[in-house]
Amino acid sequence: MATVEIKELHKSFGDMEILHGISFTIPDGAFVALVGPSGCGKSTILRLIAGLEEITSGEIYIGDIIINDVEPKNRNIAMVFQNYALYPHLTVAQNMGFSLKLLKKSKAEIDRAVQHTAEILGVNKLLHRLPKQLSGGQRQRVAMGRAIVRKPQVFLFDEPLSNLDAKLRVQMRAELKALHRRLATTTVYVTHDQIEAMTMADIVVVMRDGNVEQVGRPLELYDKPVNQFVAGFIGSPAMGFLPATTKVGSSEMVLSDGQVLSKPTCVALDGDYTIGLRPEHIRLGGDGASFKATIEASEQTGSETLLLARLADQEITILLRERFDTPIGDVHAFVIDPTAVQVFDSKTGARIET
Amino acid sequence: MSAKARARRTNFLLDVTLFVICILLLTPLILLIANGFKTPQEMLVWPPTLFPKDPTLENFHKVFTETPLLQWMLNSFLFALLSTVAIVATSALAGYIVGKFPFRAINIIFILFLATAIIPFEVYMIPLYFQVKALGLLNSVGGLLVGYLVMSFGIFLIRQNVIASIPDELLEAARIDGAGELWIFWYVVLPLLRGPLAALAVLAFFQAWTAFAWPIIVMTRKKSFTIEVGLANFQSAYTVDLSLLSAASAAVMVPSVLAFVLLRRNFVEGIAASGMKE
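Just so you know, the protein sequences line up as chains H and W, in that order.
According to my numbering, the first sequence holds residues 2 to 355 in order.
According to my numbering, the second sequence holds residues 9 to 286 in order.
In short, the hints are calculated from the structure, not lab data.
Ideal Cβ placement from N, Cα and C applies to all residues, glycine included.
Errors might be hidden in some of the hints.
[To be verified] Listed next, with one range per pair, are the computed distances between beta-carbon atoms:
| no. | chain 1 | residue 1 | chain 2 | residue 2 | range |
| --- | --- | --- | --- | --- | --- |
| 1 | H | 164 | W | 25 | 54 to 60 Å |
| 2 | H | 72 | W | 148 | 58 to 64 Å |
| 3 | H | 297 | W | 122 | 54 to 60 Å |
| 4 | H | 136 | W | 176 | 54 to 60 Å |
| 5 | H | 39 | W | 17 | 30 to 36 Å |
| 6 | W | 27 | H | 137 | 54 to 60 Å |
| 7 | H | 238 | W | 176 | 52 to 58 Å |
[To be verified] A few chain H residues that don't get close to chain W, going by computed Cβ distances all over 12 Å:
| no. | residue |
| --- | --- |
| 8 | 77 |
| 9 | 79 |
| 10 | 84 |
| 11 | 96 |
| 12 | 159 |
| 13 | 217 |
| 14 | 253 |
| 15 | 256 |
| 16 | 269 |
| 17 | 351 |
[What the hints assert, rightly or not] Some, not all, of what chain H presents toward chain W, calculated at C-beta under 10 Å:
| no. | residue |
| --- | --- |
| 18 | 8 |
| 19 | 74 |
| 20 | 80 |
| 21 | 99 |
| 22 | 152 |
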């Protein structure tokens, strides 16, 4: 086990700079998720840690050692790929024992390690099968087994669950988390799915366009996003954003259609802002309603109702934890707790602590 | 007419057409084999008989005793075998490298490989002959092999298969697992290329087995002829002794037909693999 430290990491492919000076530290034994839209550079970071790409500038430490020029095989890492990358011509047992064989371990030792790992993952009945004879979930387990069997210092996961169906993904998420609790190996997990990041990681690194936007615990990102991008990216369904203005001394945010949201903590603010409303913070309102919105679409899932509504010429999402049957086009009143309204600088997107 | 009946009629017409084509293709072959068993008199009968009236083994006996037919077949076999081994080895290695290490220099080399395919062999056959002669390799398997060690189509075929069927992640996984590049080539890449390499082997073998122009200029001694050259030799040495030539040809076909029957699947795969494989 080891800490992983990334310092001022730059990566260019030709003239294109993909990473613009990334720095963060992954504590020993932590489960860290790198999350961001596609093309943000998260997979590149993983490949740089693995040694599959050359570092343009900056440093990566595993433990106390700079590994910039260390061969992948000497970094003591294991990687699980999105398409599993199992050797198609080798059996499950041979796949899992591959790295140990290369380390010239004895056959008995390899068998023991493979057997032990297979039991942890529940694939010990499949050891003699070829990858093509396995289901997606089984392949996923074997790919993890291949990583675990060599007891690496760091696990690297590159979107390992994205080829599974939704139900299996939820199940594997729990298994992965349990596995991490059991092995306590430092883990770097790349995903574009913020739910995976939120549910599994100890620390989430949110990235955009080759920069780190925020590093923090999952709920910290949810409650105190540093900017509008993180606020919009974390949380599902996503936060709705509305332009609003206020004056010094006023405790109200005025929307573009003249509706007013009370925000007592914004008295010091003055000018144009963007406010953010989380769908799950909005409730149906009675007399003390905060705002009125026109329903444009409604989805009932049984336990919840998801409404797409128009407010001040912007679309917002409203998530009600109850059944609510409404014709499209109706106008309804809603309430939001003023403390749950987030305020962002309309130019820089930075969140303003109020 | 119902759709079913129409489909049946179409199928029937297709069957008839294919059957006729099949007969047209097979007739000369049957005629050739039949000719091998005919007496010189019957050879000249018009119209030719499809089955000999008075079959004789005399032609085969003469061919095997009066010409070194077996030696020629052996020469061809050795030549084809060595050529196949060389082509499979060079294609596997070069195809893998141009498929998976797309550096600029390697791409240029690959284009050069392809360029050799558009220059007909006949264009450089004569200069190559003088080089082989200067090396003192005339009348040797070595000289024969000079033009048959590398096949640009083979490199292309393997490259396409490498790109289509060996994902980068597999190689990366092996590198992380601790494998060196040669190890990866031998234990990961080669086993996965077994199918295309077998197809290529069949193609390469038959290319050498049926080679004619190059062997006829490199092999000048009767003993060192390949089978194709030997067969052509019947025409001058025996003023086209048709029954002997037929008997020799029929005898030569036996190993080819055997090989085809045994390797039919690979053969078809090799022909079908025009590089557009999924």
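Now for the hints, and whether the structure bears them out:
Taking 54 to 60 Å as the suggested C-beta distance range, the pair residue 164 of chain H and residue 25 of chain W does not conform, at roughly 47 Å. A hinted range of 58 to 64 Å is violated for the C-beta pair residue 72 of chain H and residue 148 of chain W, which are about 46 Å apart. About 58 Å separates the C-beta atoms of residue 297 of chain H and residue 122 of chain W, a value consistent with the hinted range of 54 to 60 Å. For residue 136 of chain H and residue 176 of chain W, the Cβ-Cβ distance of about 24 Å falls outside the hinted range of 54 to 60 Å, so the restraint is violated.
Judged by the Cβ atoms, the range 30 to 36 Å given for residue 39 of chain H and residue 17 of chain W is violated: they are separated by roughly 54 Å. Take residue 27 of chain W and residue 137 of chain H: their Cβ atoms lie about 47 Å apart, and the range 54 to 60 Å is violated. Hint check: residue 238 of chain H to residue 176 of chain W, Cβ distance near 36 Å, so the stated range 52 to 58 Å is violated. For residue 77 of chain H, the condition that its CB be more than 12 Å from all CB atoms of chain W is violated, with the nearest at approximately 10 Å.
Distance check for residue 79 of chain H against chain W: the nearest CB is about 7 Å away, which does not clear 12 Å, and the non-interface claim fails. The Cβ of residue 84 of chain H sits about 6 Å from the closest Cβ of chain W, inside the 12 Å cut-off, so the non-interface label is violated. In this structure residue 96 of chain H is not separated from chain W by more than 12 Å, as the shortest Cβ-Cβ distance comes to only about 9 Å. Non-interface call for residue 159 of chain H relative to chain W: violated, since the shortest CB-CB distance, roughly 9 Å, does not exceed 12 Å.
Under the 12 Å C-beta cut-off, the non-interface status given to residue 217 of chain H relative to chain W holds; the minimum distance is some 29 Å. For residue 253 of chain H, the non-interface assignment is confirmed: its Cβ lies about 55 Å from the closest Cβ of chain W, beyond the 12 Å cut-off. The Cβ of residue 256 of chain H sits about 49 Å from the closest Cβ of chain W, beyond the 12 Å cut-off, so the non-interface label holds. With a minimum CB-CB distance of about 53 Å to chain W, residue 269 of chain H clears the 12 Å threshold, and the non-interface call stands.
For residue 351 of chain H, the condition that its CB be more than 12 Å from all CB atoms of chain W holds, with the nearest at approximately 39 Å. A cut of 10 Å between beta carbons decides the hint on residue 8 of chain H: the least distance to chain W is about 22 Å, and the hint is violated. Residue-level restraint check for residue 74 of chain H holds (minimum Cβ-Cβ distance to chain W is 4 Å; threshold 10 Å). Satisfaction of the interface hint for residue 80 of chain H is found here, the shortest Cβ-Cβ separation to chain W being roughly 5 Å, below the 10 Å cut-off.
Given the 10 Å rule on beta carbons, the hint for residue 99 of chain H holds: about 5 Å separates it from the nearest Cβ of chain W. For the restraint placing residue 152 of chain H at the interface with chain W, the shortest Cβ-Cβ distance is roughly 13 Å, beyond the 10 Å limit, so the hint is violated.
Hints 1, 2, 4, 5, 6, 7, 8, 9, 10, 11, 12, 18 and 22, counting from the list given before, are not met by this structure.
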